[in-house]
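With chain A's structure known, arrange chain B on it following the hints.
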Amino acid sequence: MTMSSTLNIQNLTVSLRSGLPLLGQVNLTLEPGEVRALVGESGAGKSMIGKAVLGTLPPAARVSGGQIFLRGQALDRLNAAQRRHCVAQSAALIPQDPLTALNPVRRIAPQITDPLTRIHGWSTERAQARALDLLERVEIRDPARVMRSYPHELSGGMRQRILIAAAFAPSPPLIVADEPTTALDVTVQKQILKLIRELQKEVGTAVLFVTHDMGVVAKISQKVSVLFQGRVMEDATTEAIFTNPTHPYTRALIAATPSYADPSRSFSPVPAELIAQMKSEIAKEEVW
Amino acid sequence: MADVSLQTTPRARSGRRNLRLWLPLAWISTLVLAAVLAPLIAPHDPLYQDLFLERLPPFFMAGTEPGYWLGTDSLGRDVLSRVIYGTRIALCVSLIAATATCLVGSTLGLLAGFFGGWWDRVISRLIEIWMAFPPVLFAVLLVAVMGTGLTSVIVAIALIDWTRFARVIRAETMVQAQMDYVDSAQIGGARRLTTLVSEILPNVLPSIVALLMLEMGIAVIVEAILSFVNLSLSSDVATWGSMIAEGRNAIHFAWWVLLFPLIALFLTVLSFSQLGEGLKQRFDPVLQ
Numbered sequence: 000m001t002m003s004s005t006l007n008i009q010n011l012t013v014s015l016r017s018g019l020p021l022l023g024q025v026n027l028t029l030e031p032g033e034v035r036a037l038v039g040e041s042g043a044g045k046s047m048i049g050k051a052v053l054g055t056l057p058p059a060a061r062v063s064g065g066q067i068f069l070r071g072q073a074l075d076r077l078n079a080a081q082r083r084h085c086v087a088q089s090a091a092l093i094p095q096d097p098l099t100a101l102n103p104v105r106r107i108a109p110q111i112t113d114p115l116t117r118i119h120g121w122s123t124e125r126a127q128a129r130a131l132d133l134l135e136r137v138e139i140r141d142p143a144r145v146m147r148s149y150p151h152e153l154s155g156g157m158r159q160r161i162l163i164a165a166a167f168a169p170s171p172p173l174i175v176a177d178e179p180t181t182a183l184d185v186t187v188q189k190q191i192l193k194l195i196r197e198l199q200k201e202v203g204t205a206v207l208f209v210t211h212d213m214g215v216v217a218k219i220s221q222k223v224s225v226l227f228q229g230r231v232m233e234d235a236t237t238e239a240i241f242t243n244p245t246h247p248y249t250r251a252l253i254a255a256t257p258s259y260a261d262p263s264r265s266f267s268p269v270p271a272e273l274i275a276q277m278k279s280e281i282a283k284e285e286v287w
Numbered sequence: 000m001a002d003v004s005l006q007t008t009p010r011a012r013s014g015r016r017n018l019r020l021w022l023p024l025a026w027i028s029t030l031v032l033a034a035v036l037a038p039l040i041a042p043h044d045p046l047y048q049d050l051f052l053e054r055l056p057p058f059f060m061a062g063t064e065p066g067y068w069l070g071t072d073s074l075g076r077d078v079l080s081r082v083i084y085g086t087r088i089a090l091c092v093s094l095i096a097a098t099a100t101c102l103v104g105s106t107l108g109l110l111a112g113f114f115g116g117w118w119d120r121v122i123s124r125l126i127e128i129w130m131a132f133p134p135v136l137f138a139v140l141l142v143a144v145m146g147t148g149l150t151s152v153i154v155a156i157a158l159i160d161w162t163r164f165a166r167v168i169r170a171e172t173m174v175q176a177q178m179d180y181v182d183s184a185q186i187g188g189a190r191r192l193t194t195l196v197s198e199i200l201p202n203v204l205p206s207i208v209a210l211l212m213l214e215m216g217i218a219v220i221v222e223a224i225l226s227f228v229n230l231s232l233s234s235d236v237a238t239w240g241s242m243i244a245e246g247r248n249a250i251h252f253a254w255w256v257l258l259f260p261l262i263a264l265f266l267t268v269l270s271f272s273q274l275g276e277g278l279k280q281r282f283d284p285v286l287q
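Top to bottom, those sequences are chains A and B.
Note that numbering that gives the first Met the number 0 has the first sequence beginning at 0, numbered continuously upward.
Note that numbering that gives the first Met the number 0 has the second sequence beginning at 0, numbered continuously upward.
Treat each hint with caution, since some may be false.
Reference listing, derived: stretches of chain B covered by chain A, where coverage requires no fewer than 3 residues with Cβ under 8 Å from a Cβ of chain A [claimed, not checked]:
(1) 17–28
(2) 186–192
Away from chain B, derived, C-beta distances all over 10 Å, residues of chain A [what the hints assert, rightly or not]:
(3) S4
(4) V62
(5) A91
(6) I139
(7) D184
(8) R230
(9) S279
It should be emphasised that the hints constitute simulated quantities derived from the structure, not laboratory data.
Idealized CB from N, CA, C, for every residue including glycine.
For reference, chain A alone in the conformation it holds in the complex (with noise of 0.2 Å):
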């Protein structure tokens, strides 16, 4: 079972050097070309979860316990650099912020292909072939041109939707979309997950789509861990999470998104007590 699964995150921790914890025990899986948001409020740690795989926490944050497979392979089994290649091959990122995400200095067309000729070893004119291919893909007209520009001579939905390009050019098997839409005005963020949707259908790609927006869930993913200060308060189906969501904090979140259809619906905040609740039985765990 754990050998089919894209990506099986074990008993994870993360913690900053100074002792304190930002994940606790999550426990996830992924199947093959199946997508699974991870909600919560700003500071839950669901960037921290995409980060511990791809293997970019930032420096005063690290691995305390528990295992990650990707694709079978665990990850801390590997040195630096065979875990490197091992996550280049297997997976990439949509991250959150296109402006500053695309070096300002290079040329968009290195930066589509340089991971496809280093790391998939493709030759240069395949490699070519294949940006231009998703650069007209993703909507963007005149991709020779684009290709050719540096990131400031194009627009922040623009660069989105190059760094989807990017993302998806080698076919990985693993994407981590984190945040993708977040940046981006309401019209452009529509397009983008269609976009994410589509590319994500046709290449078979799994998705880990971190996000805070329950309409985003809603629109995009098959299963939903819904976390809490670093930890999994709920993991279940998107289907399950609306219709029937069993812990008090998922009915919260719920309750506190806006709705898209019915904008006369009333939402609520999520409740202080329940919070306090939850961060009392956390402070319990930790004690032990």
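Leaving out everything else, chain B in the frame of chain A:
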């Protein structure tokens, strides 16, 4: 109306920028020409002493001798010829010493800023210790130990001033290292050193160029200071520093001996620093 003002503003700005680039470039080209063609264009032998022609005033004053445009010094040597020959030493020192300084300082700055940890601790302590020495005294000491001569002067400048590069480049590298594109490169399978050289270095390059130009100006000054205290080159070579030192003795009755090398020095240092800023703006696609 609005169209017109929108169009002219960037033009006017780029015009000012160009002036900042071309004016210093013109002065430095003149210096290079003067250095190369010195034997052809200098009206006299810079070392030839004629005690009958001592302290002749420059051309715009009474009592001049034809052919001695900028007058003569206390030993009857032609000031113009000495200034022209002085450009050879000035340019030679600024070019070689500044490049050496730049290579040492930038490399250490990049390593400390990117790899952090022990690299950073060792290099940062080294910078702090280094900067606790008074620089001019340090230079004088070094040249005194190594003996006078062009090589000693160049080595002394590189050994004193590398901290200027190391500090600035370290800080800039640290800023760049936190950018998302560095993570993206790593997820794309780039090795650490590759990331430093092909992703971060191009972003830091404009600052390196600006500092290099500034350093060329500073190298000219340091050489002049060492000449001033007679620690640069033997007195049978004309340098701006030694001219200023000799002119100092006669400042009350032959101020021109001091003034003309001083003007040359001033314009050169100013040109280098302005050229550095101009190039930085031109190099950096983000600033354009």
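Verification of the supplied hints:
Restraint check on the stretch 17–28 of chain B versus chain A: 0 residues with Cβ-Cβ distances below 8 Å, three needed, restraint violated. Using a Cβ-Cβ cut-off of 8 Å, 5 residues of the stretch 186–192 of chain B lie near chain A, which meets the minimum of three, so the contact claim holds. Residue placement check: S4 of chain A keeps its beta carbon more than 10 Å from all beta carbons of chain B (closest about 20 Å). In this structure V62 of chain A is separated from chain B by more than 10 Å, as the shortest Cβ-Cβ distance comes to about 16 Å.
Look at A91 of chain A: its CB is around 7 Å from the nearest CB on chain B, not clear of 10 Å, so calling it non-interface is violated. In this structure I139 of chain A is separated from chain B by more than 10 Å, as the shortest Cβ-Cβ distance comes to about 18 Å. At the 10 Å boundary, the C-beta of D184 of chain A stays outside the reach of chain B, the nearest C-beta of that chain being 20 Å off. The Cβ of R230 of chain A sits about 25 Å from the closest Cβ of chain B, beyond the 10 Å cut-off, so the non-interface label holds.
At the 10 Å boundary, the C-beta of S279 of chain A stays outside the reach of chain B, the nearest C-beta of that chain being 35 Å off.
When held up to the earlier numbered hints, the structure conflicts with 1 and 5 and fits the remainder.
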